[in-house]
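Since the structure of chain A is provided, determine the placement of chain B on it from the hints.
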Amino acid sequence: MARYAMVIDTRRCVGCADCVVACKTENNVADGFCRDWIVQDVRGGYPDLQMEIRSERCNHCENAPCVRCCPTGASTIAVGGIVIVERDECTGCKACIASCPYDARFVHPEGFVDKCTFCIHRVKEGLNPACVSVCPTKCMFFGDLDDPDSEVSKLLKARPNHALFPEAGTKPKIYYLT
Amino acid sequence: MQELTITSGRNMAHIDPNLSIWGWEIPVYLYLGGLVAGILFFSALYFLRGKSDEMPTVVRVTPLLAPFILGIGLFVLFLDLEYKLHVFRFYTNIRLESPMSWGSWTIGVVFPLSLLWAAIHVTDVFPNWRWPFQWLKRFVLMAQTYARPIAWILILYSVILGMYTGILLSAFNARPIWNTAIMGPLFLASGLSTGLALNLLLSKNKAEKHIIGRVDVMAIGTEIFLIIHMFMGLLASTEIHIKAAELFLGGPYTAFFWIFVVGLGLMLPALLELLEIRGKVGVSKIPALLVLAGGFVLRYIIVEAGQFSQWGL
Chain A
1 MARYAMVIDT
11 RRCVGCADCV
21 VACKTENNVA
31 DGFCRDWIVQ
41 DVRGGYPDLQ
51 MEIRSERCNH
61 CENAPCVRCC
71 PTGASTIAVG
81 GIVIVERDEC
91 TGCKACIASC
101 PYDARFVHPE
111 GFVDKCTFCI
121 HRVKEGLNPA
131 CVSVCPTKCM
141 FFGDLDDPDS
151 EVSKLLKARP
161 NHALFPEAGT
171 KPKIYYLT
Chain B
1 MQELTITSGR
11 NMAHIDPNLS
21 IWGWEIPVYL
31 YLGGLVAGIL
41 FFSALYFLRG
51 KSDEMPTVVR
61 VTPLLAPFIL
71 GIGLFVLFLD
81 LEYKLHVFRF
91 YTNIRLESPM
101 SWGSWTIGVV
111 FPLSLLWAAI
121 HVTDVFPNWR
131 WPFQWLKRFV
141 LMAQTYARPI
151 AWILILYSVI
161 LGMYTGILLS
171 AFNARPIWNT
181 AIMGPLFLAS
191 GLSTGLALNL
201 LLSKNKAEKH
211 IIGRVDVMAI
221 GTEIFLIIHM
231 FMGLLASTEI
241 HIKAAELFLG
251 GPYTAFFWIF
261 VVGLGLMLPA
271 LLELLEIRGK
281 VGVSKIPALL
291 VLAGGFVLRY
301 IIVEAGQFSQ
311 WGL
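As you go down the protein sequences, you meet chains A and B in turn. Residues in the first sequence are numbered from 1 upward in steps of one, following our numbering. Residues in the second sequence are numbered from 1 upward in steps of one, following our numbering.
Here chain B stands alone, though its shape is the one from the complex:
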């Protein structure tokens, strides 16, 4: 038996007894970042495959929301900074060893790209759209001629964005539950799935909905596969990693994780989407809403549990 008692000093705000430095802001940002990655990835993918007319929501409509969603995410991230006046410091340094530095530079590319991609498609969705300046109109018209290379760049950067939201956490060796390389692909898969779910929610085209539903089932299947692998990896690792996995396998997060993330956020929507595809149940917005909620709960619980898991007792 071992008992550690801090007899002097400590009991510091947000550090003791467990880390609570990151509240709701970080999971919201990671969630919205993943969602935008999903939106942009599938928009660019189906655009390149020439499906713009078959899948108008995925290619043209939802990307119009992407810069706004990412903007909200970045604002929330800004709220989390303790030294807000120094936010510009992210862009006066390039730190190759720091995933957060990579992330801020990725955002520096993705945010303008998402604006450009929305600008390219805005006249398709709103035919009466008028640009306020001639130079802006000329610029967007020029961008439209380069839409294919831009789409390729978007695919690359949306994957980087989706992965980075997980890698950001997995790089912390001090928090065993985060410290698994699966976190990057898991958050990417979840981001792709939530992006599809938002499309499913907005789409009014039955054929399009069917395609989205089918792809989403694959994304959810991948997520479940990655979650299983995450636990396999942790359980096969050192004692602190085993303890971290046990937080979800009998520990305080067990019921919440398996019911709200795996059950209601992954299994049930996948089942409903499968039944919808086979025409066994009517098409509804329920699976999309469940996926969107489950994606957020996944981020929230992982960020929370990571701060709970530590090297000490």
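The shape of chain A in the complex, shown without the other chains:
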């Protein structure tokens, strides 16, 4: 089975937020909410400053705390390790929101919990997630970590990279090339 991951080249990302807009359009994300967002991470002191621009979203963790804490099994791991929420099973108890160190989840106005799905409906058709497909600087990559010849596997081998809060033990699957 595939193990889908996303690799984002922070050296190429300019923070244009096309990915955010593409996601909202593709997934009809409710007003006032978003499934992905842009973070500017500035470190150091003037004049020695470093900035990393990141497109962030659900990390589709391999050890997903949201899936573990869900009392009804609504948060579950679908094909390729993609973490999804089954709307019909969700009670809106919000335990998964509290469990996510990335604050990637929110309550949809209709009551269920919502978040990035890696555009699973597109992935099943062999397409890239909407955010990846629209990126004008081509800084986002999507693929299978278990396939050594996939673009994501090659990039992770070739370039230094980091994930967000790996020390939380969640085994996140969004990698940032530095």
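I should point out that these hints are in silico values taken from the structure, not numbers from a laboratory. A hint or two may mislead.
[Said to hold, decoys possible] Straight line, CA to CA, 20 Å or less: simulated EDC-like cross-link-like pairs of lysine to aspartate or glutamate:
| hint | chain 1 | residue 1 | chain 2 | residue 2 |
| --- | --- | --- | --- | --- |
| 1 | B | Lys84 | A | Glu86 |
| 2 | B | Lys243 | A | Glu167 |
| 3 | B | Lys84 | A | Asp88 |
| 4 | B | Lys84 | A | Glu110 |
| 5 | B | Lys84 | A | Glu89 |
| 6 | B | Lys84 | A | Asp114 |
| 7 | A | Lys24 | B | Asp16 |
| 8 | A | Lys171 | B | Asp16 |
| 9 | A | Lys138 | A | Asp9 |
For chain B alone, coordinates are given in the frame of chain A:
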């Protein structure tokens, strides 16, 4: 120095800048759940020890309130659900990894048990009580013959209920202040203490009050011990846990926590109860009211601070 700025997306309701998904409902539910755990635990304990006549309030009177208090707690929990029509989903799944699933099944056992325990004792408190149906009367009479095994089950399940209200929070690794195993025993100790305080408030028997007061001082002492250990554990842990502890040790929750929870909710009532036991001050309802209020403030501030503490900056 590090500065994080979200330049696009986010600023979502109840997520940014800090989580505020759980308002008053969750602390009220955790509080009432703990209170019921305390009521049922001591009722069953003193029943098994054959103290039903010496401690009528603890064994017979207060348990009559338990199903109502738990019912209010469950209703409030229901109010917190965002998808209320799906509430039945808790009982179409058993998820061993999820403390919330354990909790809902525990409630599924404790709530009927609390009703049964109240039914067993209702004729002791209200001698003119008449069951509306014969089958119900026969059922309660049969239950009365099994009161001892039921009491043992109650002791087990009331401890699970009291612990679970804390474990529910401690299982969230993403919220560092909750993420300590002490939370379960702390909430259990607090639940036992508030259960005793309600008994103290309702009891009219001086000897009984003295016993309750003495046990409550022990429960409060345990709570203080656990609070100290909670901070020791957090301060000896990773940076995010240290930051979380600092919310109470100089941070925004410091004054509120130490004055209202530790000072007025634990130290002062323990001191007053000790003085009462020694006959230095008159018996009053003040320590009981302070413990009951302090228990709620503890739940409220922990739920609030947990949502404030996070992995990011």
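Results of checking the hints against the structure:
{"no.": "1", "hint": "Lys84(B) x Glu86(A)", "in the structure": "holds (16 Å)"}
{"no.": "2", "hint": "Lys243(B) x Glu167(A)", "in the structure": "holds (16 Å)"}
{"no.": "3", "hint": "Lys84(B) x Asp88(A)", "in the structure": "holds (12 Å)"}
{"no.": "4", "hint": "Lys84(B) x Glu110(A)", "in the structure": "holds (11 Å)"}
{"no.": "5", "hint": "Lys84(B) x Glu89(A)", "in the structure": "holds (12 Å)"}
{"no.": "6", "hint": "Lys84(B) x Asp114(A)", "in the structure": "holds (16 Å)"}
{"no.": "7", "hint": "Lys24(A) x Asp16(B)", "in the structure": "holds (18 Å)"}
{"no.": "8", "hint": "Lys171(A) x Asp16(B)", "in the structure": "violated (24 Å)"}
{"no.": "9", "hint": "Lys138(A) x Asp9(A)", "in the structure": "holds (9 Å)"}
Checked against the numbered hints above, the structure breaks only hint 8 and satisfies the rest.
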